[in-house]
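Visitor: Sequence:
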Amino acid sequence: MRRLWQDFQAHKWAAVLFLVYWLATLVVNFVTWNHGIPDRVVIFLLTTPLIAGFLVGRWRAPTPEHAAHWRDRIGGGMLAGLLSTAVTFLVIRGGVVAEVIDWLRGFGHRFGELLVFCIVSCVLGVLLGLAGAVLAVIVSIQPKSDT
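In case it helps, the working numbering puts the sequence shown at residues 40 to 186.
There may be inaccurate statements among the hints.
[As the list claims (entries may be wrong)] Here are the in silico distance ranges between beta carbons for each label pair:
| # | residue 1 | residue 2 | range |
| --- | --- | --- | --- |
| 1 | VAL67 | PHE146 | 24 to 32 Å |
| 2 | ILE82 | LEU129 | 18 to 26 Å |
| 3 | VAL126 | VAL70 | 28 to 36 Å |
| 4 | GLN45 | ILE82 | 30 to 38 Å |
| 5 | HIS108 | LEU143 | 21 to 29 Å |
| 6 | PRO77 | VAL162 | 20 to 28 Å |
| 7 | TRP52 | GLY151 | 22 to 30 Å |
| 8 | THR71 | ARG110 | 34 to 42 Å |
| 9 | ILE177 | THR86 | 14 to 22 Å |
| 10 | ARG110 | VAL130 | 43 to 51 Å |
| 11 | SER179 | VAL130 | 28 to 36 Å |
Hints in this document: simulated from the structure, not taken from any laboratory.
Ideal Cβ placement from N, Cα and C applies to all residues, glycine included.
Work out the full structure, taking the sequences as your base and the hints as a guide.
Guide: The structure is reproduced here in structure tokens:
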């Protein structure tokens, strides 16, 4: 987690742009909500962990001063994908916070469904973060020149 925070601090502009993108996905979800999330918006929400994994995988690329290991890049991308998905599911309309508020008001009791969906979403976030980090590793591979 500390390394991820250092990555955000080292790449402030990219982190701010990612934050704006993430907030835009939440706004789109809120605006298009109709007793559930439309399929197109779900796909839009799934781009967030993919982009997060790609960014962290790119930020941890080797530099002349620092040799980076691919497992650090992949692990960081997976963590970023998990965190972006978990936080999104926490604050999204119809997510954990909304369900707890409804429960406190005496309405819904869908905690079993919510728990299963949360676990499945987080696993999907880890996989998408992995895919983003692997994509970043592939993009950063430079062909060797025969000179």
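Visitor: Could you tell me whether the CB distance from GLN45 to ILE82 stays inside 30 to 38 Å?
Guide: Since the Cβ atoms of GLN45 and ILE82 sit about 31 Å apart, the hinted range of 30 to 38 Å holds.
Visitor: So does HIS108 sit 21 to 29 Å from LEU143, Cβ to Cβ?
Guide: Given a distance of about 46 Å, which is not inside 21 to 29 Å, the answer is violated.
Visitor: Return holds or violated for the Cβ distance of THR71 and ARG110 against the range 34 to 42 Å.
Guide: At 38 Å between Cβs, range holds.
Visitor: Verify the CB-CB distance for VAL67 and PHE146 against the hinted window 24 to 32 Å.
Guide: Roughly 25 Å apart at Cβ, these two residues keep to the hinted range, so it holds.
Visitor: Is it true that ILE82 and LEU129 lie within 18 to 26 Å of each other by Cβ?
Guide: holds (20 Å)
Visitor: Given a hint of 20 to 28 Å, does the C-beta separation of PRO77 and VAL162 actually sit inside it?
Guide: With a Cβ separation near 22 Å, PRO77 and VAL162 satisfy 20 to 28 Å, so the hint holds.
Visitor: Is it true that TRP52 and GLY151 lie within 22 to 30 Å of each other by Cβ?
Guide: violated (42 Å)
Visitor: With 14 to 22 Å as the target window, see if ILE177 and THR86 comply at their CB atoms.
Guide: holds (18 Å)
Visitor: Are VAL126 and VAL70 spaced within 28 to 36 Å by their CB atoms?
Guide: 19 Å Cβ-Cβ, so the 28 to 36 Å window is violated.
Visitor: Just tell me: holds or violated, for the beta carbon distance of ARG110 and VAL130 against 43 to 51 Å?
Guide: violated (31 Å)
Visitor: Holds or violated: 28 to 36 Å for the Cβ distance of SER179 and VAL130?
Guide: holds (32 Å)
Checked against the numbered hints above, the structure breaks hints 3, 5, 7, 10 and satisfies the rest.
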